[in-house]
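Visitor: Protein sequence lines correspond, in order, to chains A and B.
The opening residue of the first sequence carries number 1 in my numbering; numbering runs sequentially from there.
The opening residue of the second sequence carries number 288 in my numbering; numbering runs sequentially from there.
Hints are computed from structural coordinates only; laboratory data are not their basis.
Where hints are given, some of them may not hold.
To be verified - With a straight-line cut-off of 25 Å between C-alpha atoms, the simulated SDA-like cross-links for lysine to any residue are:
1) A/Lys59 <-> B/Glu340
2) A/Lys59 <-> A/Ala44
3) B/Lys316 <-> A/Ala165
4) B/Lys320 <-> B/Thr331
5) A/Lys161 <-> A/Thr84
6) A/Lys124 <-> B/Glu300
7) A/Lys124 <-> B/Gly312
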Amino acid sequence: MSKFQRLAVLPIAWAAVFLALDAAFYGGPAYGTFVRTEVEAAKALTLLGSWAAALAFEKGAYQRRAWFFIGGCMALLLCRDLVTLTPFFRGLGAHGVNVVAGILVLSANVSQVIGTWMLARTWKVAELELPGSRAAQLATVGVVGLLALACAGPSVVVSGKAVLAGDLTRASGVASGLGDMISLWLIAPLLLTALALRGGLFGWPFSLLTASYAAWLGYDALAILGPVMGLGPHASRTGAELFRALGCLFGFSAGMAQRAVVHGLRALVNRRDPTPAGGLARGADVG
Amino acid sequence: MLPEANVAEQVAEHLSPYLGPFNAGVAVKTFAKRTFQRGPETLTAADLPTLLEALRPMLHTMVGTASTQALIEDIQRRVR
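The task is simple: from the sequences and hints, build the whole structure.
Guide: Okay, here's the thing in structure tokens:
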């Protein structure tokens, strides 16, 4: 199995282990700690993978900025968790904590949207051809846009109504929902880029990133469909955390795959492997 | 005996493991036509450096400066 294939399997393995441990811990005194630890670890890995990808590029490189913005989202969300979940910021009072958390969530979503937008435009900047007819491409964008609207739209409406009624602490919910909607809509160009590069190593980061955003789409969809499906509190929570884990871990894998591609190519300078691309094309461990 | 691949075909073949077969072929064709105003099948070994320079910005966006340089040097070494 190549490094890229292992990176693709890792999120599935993580999700399977999560489900097994969730079942083992559920009902016990350590369950809350287990879930919180898993969530923070998954977020930290996304940050690690994204910034590992960014740092693989030289200063000023297009994708370096994009990956820094993607990782910036998780860095800011981890800061939000630090503010809301630890005792260090209690001096700010409940309102102060809410305001700081709201600003961090808003900034995180802006960072995510900018980074995703940049990566979704990579094909255009690089002047790559997308597969399929123009009509098929527009249909993909339209269908994914409707899915994003259906999955993330309701939370924007609910939070938006609360804000209009005077509850400004829900403003972060509006920002989060809008950020999700735009990022999820950008699955369309990411997917088309992955398809355009299929069969090539440059396609791996885009395929894994598309899988990550598809998982986030599932995360948002579950919030809507969970009650309709009659899911209980534990099933809803576990389902949400499962999708979150997949979203985070596929994000980590995408970043690490991007880093492996960049570093693997750079290693060609010092290599004289007689096969094309000095073994990198075979997916050898090079990162 | 199979006919030997021309320069454009060889470049596309070397780019294929990275860009995938679809975009490797399309990219070489597009950049060859834009740079030389003629079909890719007419390119000779003398056109190779110019063709690779035309492909450089695209590769730079995908993998950065140093990796692009490594890939271009690798292709230059292999294409005959």
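Visitor: Hints the structure violates: just list their numbers, smallest first.
Guide: Hint 3 contradicted; others consistent.
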